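Guided by the hints, dock chains B and C with the ligands onto chain A, whose structure is given.
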Amino acid sequence: MKKYIKLNINSTEYELLVNDNETLAQLLRGPQLNLTGTKQGCELGDCGACTVLMDGKAVNSCLVLAMQANGHAITTIEGLASNGKMHPIQEAFINAGAVQCGYCTPGMILKAKSLLDVNPNPSRKEIREAFVGNLCRCTGYFKIINAVEIAAKGQANKEAGN
Amino acid sequence: MTTTTNKNYDVLSTSPVRKGVPEKATGQAKYTGDITLPNMLYGAILHSPLAHAKIRNIDISRAKNLPGVKAVLTAKEVSNLKFGHSPARFDETALAVEKVRHVGDEVAAVAAVDEQTAREALELIKVDYEELPILLNPVDALADNAILIHADHPCNICQEVHNEVGNVEKAFAEAFLIRTDTFANKKSDGACLEPQAALANFDLSGNLTLWTSTQVSHYVQRTVAIVLQMPVDKVRVIAPYVGGGFGVKASAGSHEIIAAMLSMNTHCPVRLVLDREEVFMHNRARHQFYHEMTMAVDKTGKIIGHKHLSVLDGGAYSSFGIATIYYNGSLLHAPYAIPNMRYDAYRVFTNKPASGALRGHGGLSNRACFEAQLDMIANEMKIDPVEMRIKNSVQAGDTTASGYYLSSFNMRECLKEARDSSEWVKKKNKLPKGKGIGVSTSYFVSGAGASIYRTDIPQSTVIIKVADDGNGVTVYTGSNEIGQGSDTVFAMMTAEILGLELDDVKVISGDTGLCPIDLGAYSSRQTLMTGNATKQAAEAVRDQILAKISQRYKIPVSEFQLRGGRVLGTEKNQEELSVIRNRYMFEHRHFTNLVTSGPLTFSEVARLIYADSGSILGKGTYRPPDIQYSKEWKGSVVGASPAYSTQTCIAEVTVDPNTGDLTIDHLTLAHDCGFAINRKSIEGQLEGSMCHGLSEALFEEMIFDNKGRQINPTLGDYKIPTTMDVPDMNAIIIESNEPNGPFGAKEVGEGCILPVVPAIINAIRDACGVVIMELPITSEKILKSLKAKEAAKAEYYIYKPPAAADKILARAAELSKGSSAR
Amino acid sequence: MILPRFEFLEPATFEEALKIVEKNKGEAVMMAGGTDLLVNLKRKVIKASVVISLEKIDSLKQLNYSESAGLTMGSMVRVSELAETPIIKQKFPLLAIAASKLGSPQIRNRATVGGNVCTARPAGDTIGPLLAYGAEVQLVRGKESRWEPLAKFIVGPGKTTKKEGEILAAIKVKPCAADTGYSYIKYGIRKAMEIAMVSVTTNLTFDGKKCTSAAVVLGAVGPVFMRSGDAEATLCTKEITEALAEQAAEQAGAFCTPITDTRATAEYRCDLVKALTKRGILEAAGKHVKQSSSRKQEQK
Ligand SMILES: Cc1cc2nc3c(=O)[nH]c(=O)nc-3n(C[C@H](O)[C@H](O)[C@H](O)COP(=O)(O)OP(=O)(O)OC[C@H]3O[C@@H](n4cnc5c(N)ncnc54)[C@H](O)[C@@H]3O)c2cc1C
Ligand code: FES
Ligand code: FES
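Residue numbers (the working numbering), protein chains in the order written: chain A, 1 to 162; chain B, 1 to 822; chain C, 1 to 300.
Chain A on its own, in the form it takes in the complex:
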């Protein structure tokens, strides 16, 4: 069965026809939206590659039905940059060398955003705890944790400057 749902994706309102058994990840990546920045590494909640923000909170889009996104606001990696300018977290990941194959990266960056939104100045331990649901096979996490620290500092500096 198909039904229409209304949702906000990256600040744009959509009305989309979705299947009952379609996941949010499938919807985002599928032909209607083509937002393939959201990756899938396991489809079972184990890897975090499909992490998106739902009303600002990080969720595994492989374990949320598209129907359940009805009426909610979704942020994907495509929605982070604004006016062609990358989000400071994206910049921090890029400059810190936190991206290798890049398959975990969109999920990591969105997880970082959800963390820094509630805890703008996390310790390394808090960062580690926040990222347990995001696996990376390439980097050994070291530069990813650095990137989150750098992004946090950058945001703090910016706020102090403003």
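Bear in mind the hints are in silico, worked out from the structure with no lab data behind them.
Please note that a few of the clues may not be correct.
Covered, in the sense of this in silico footprint (three residues per stretch, anywhere, with C-beta under 8 angstroms from a C-beta of chain C), are these stretches of chain B [unchecked claim]: (1) 17-29; (2) 703-712; (3) 715-725.
Being a predicted model, the structure only gives us computed values, none of them experimental.
Yeah, the Cβ is synthetic: ideal placement off N, Cα and C, and Gly gets one too.
Only chains B and C with the ligands this time, still in chain A's reference frame:
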């Protein structure tokens, strides 16, 4: 923490943002599964649920009739030509012919209008199997009366090796101390975050384009062409962004051929993406190894003889296994000088997914056994483990017993730097109870000297084309960027030679339709091999530009230099300069931001040449020099390389005596990569390797039930580390000047995983006196050992591989009796 | 991995849900956060032609606390809320700590306490603390509603007394004694993202230095969570010392009945129970000491 060479470069030896990284961080990067084509169908594969069975009949009628299904294929409908990795051992078919050999063997395939329909169609295919006895371990497979998994391989032996250099028995007779230990690891998976995926499209002229998540575009192209009986050049393989490889994507897989077959059959593009469980079924990662090693030392602690008996559980097909079994022997010939060595090994077929290659191919498990044993000997002889290793080390200029010439080899520097930065001297034997520190060294190849198929072609060809308007260049290379950063390395080399900014250099790689052949990303070959070809190509471009300007100025080439986007030296004749510049400015009079002063720009000169003679092309090729290896050591060609890397890991751990719980507190890894091209990428490889090594040490194990079904085919149950499992770490770049490498560079990325596992094993021994000789190292094994040690009131306890491993090794010993070494 | 086809229903009220559940008897499964259900559907562990989501029902998301009645929460309270809500952190710290160790932040943002209880896994993270606190669960079907102690509700691995069509509506926890010490230890192969190999929940109530009542709940070492009565009795009416903790831990180890699976042998799990129970008891006692001293400071 690094050591540096003091060459003066503009681009090399820096840490630029890598090519493609902004795209990856913004979600713009398209991986194979992200690409859609108009009219595209979705493929799915039916896998065997049985580990060993004859296929009596396959009924596809119901699947065919399901609305939305466009094709259902079995071996009956498609080419059954064999393929595989080593040409001498082509033993796979795209779809199973007559029998299946492991759970997951590909039996049938479907293309349908959507993924849901494709998967549902699979459930409608009825396969009538006749079950055969299942062989899940080498002892059963090697039994005299065992059923044969491949009819042409008696005793299920895929390959055996018997080698000797020097005289091991004589060395043992003269030894001061000899010890024998056994060791086993577990079958592991690559666990790349991106599952394999392929998108195939035949055009109306019968040309195939195949996008695929691969490390080896060229081998895939060739393999698909062989199976589909097409001219090689009618197959274009494109590797888009690839989400990790680590070895498991280093040969053609059935899914790639099946995608092509489905597209051929339906005349539509077909995309086929494996799910995680299928990734495990395909596997092709590290073998399960069994080792028995005997090491003999003289009274000063020098290793004088080494004997290695080994069995490799190969799974159902040969895959990379022939290379693996040889590497398993030859990768012990350094970093220590051992004059007398013997190696006997069997790679055995079993009814499990085929094992293949994984980061540090053929060098991880043997290294772990060797280094744990070496540490135990050092301990018995009261020699400091670092000293023990320095004492036995080889160095640049040495030739190993297998005949490998080490043209650069800063092993001692690695050891010393790692020792000093980890404060080894302060910590060794001085840490509180339950805490320990351990060291290990290792070495690896920097590119396989020999190509996988017999050929006279260069291993790498690179073409650099200057942009027609002169604004930069494009590097065309068939090599594969899989997240390791190779594109950036080639761009940096090119930018350096041509005096350009990194952004002025584009790289097109992994596309066989556009790029000349390169053998791809395996055996840590690209920086050295593709790098050499890139360097040559860039120099060819440079030389054309300099030659032109020298001709024009009538002064020798040596008066000019490409740097900072300019042709330095052109300012020496202002008149000539003005002529060229004015001409360029006139041609570009509608453009803004033209350069009006200073030496001529790269663009101005390049455009001048284009006007005269069209595109400026530079070509570079690389074939390994005459690589030395010992004819006495059979198969030592596998392991022969133009250069060898070496590395040292120091691990610090805490063991909880009550639970056996193990915490890795810190890791240090020093690696000799020759000249460091991209420093941040090298650190990234070292950090990734530490994490990967930790993972194999502590977690990784594919577990099978007695029917050959994997019981942990998810990333929840097959564990790789989370952020909480990996400590902060110190990546130390040690440089050397490798004469065979471009700018002196050589391998990083594979060798550096090798010392991590044994460093952890040795640190645990230091912490609590138990030596875990079977991976993964679980807290249960540690606690059990602690208890046994206490019960025996011994200083040490060795946790040995289970009795089954002894049986396997005993059977191998029995079989190898009387086989003469070559 | 594709989800099988099913019809998705999303009742907006509890009453509507009850009706829909009744109507689809035999074919429907209920979905809370879906973190367990969707995995099982994808892996074909369970089949269903109708999925009824409880997510839209606001009444199931309520969380109420009063000094007299204690804590009542709807089954749809998310695990992340358990971990973060101040009143829970303060009054039912075990629940908050255990919740913060369930899965990943992403999982916790979806997973619900009701779902965790209904899965009745011997390793379910919120279950140990809920048992230690003596929680009761409310089950509703049609016009019937019943309250049952959680300890009785869970009867086996994945098995509860929940009848076909019953919805777990609420979970109730009586107010806690003021003077307590607590510890939740979860042990797994990795340091996070683990289904517990063993978990030990310890909740001690004190009168001065003496422990007056104790709950020692062992997870993943039997078909259901186990409370070691002997160990609890050992701790009661005494001052907690290392020797006493050791004795209780031995009793807990002797009492549990774990199985051997691919992650650990039964024997090792018993060893873990001993080691972790001892650690848990000492940790709990230590917390109590720290708290009472800080309380004293406040009083000064
Ligand atoms: C990656 C991953 C990691 C995990 N880690 C952990 C962990 O560390 N610890 C742990 O305990 N669990 C873990 N889980 C399992 C799962 O997330 C939890 O058990 C979670 O609490 C389940 O809640 P839910 O709301 O998602 O349940 P659902 O999946 O929605 O439901 C689970 C079951 O309960 C039934 N059900 C749910 N709510 C009700 C209700 N109100 N009335 C009647 N029946 C109901 C459903 O029909 C279903 O059968 C993990 C799962 C994943 C995917
Ligand atoms: S794809 Fe969703 S968690 Fe892995
Ligand atoms: S960068 Fe490859 S998985 Fe993280």
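Taking the hints in turn, this is what the structure says about them:
1. 17-29: violated (count 0)
2. 703-712: holds (count 3)
3. 715-725: holds (count 7)
In terms of the numbered hints stated before, the structure departs from hint 1 and from no other.
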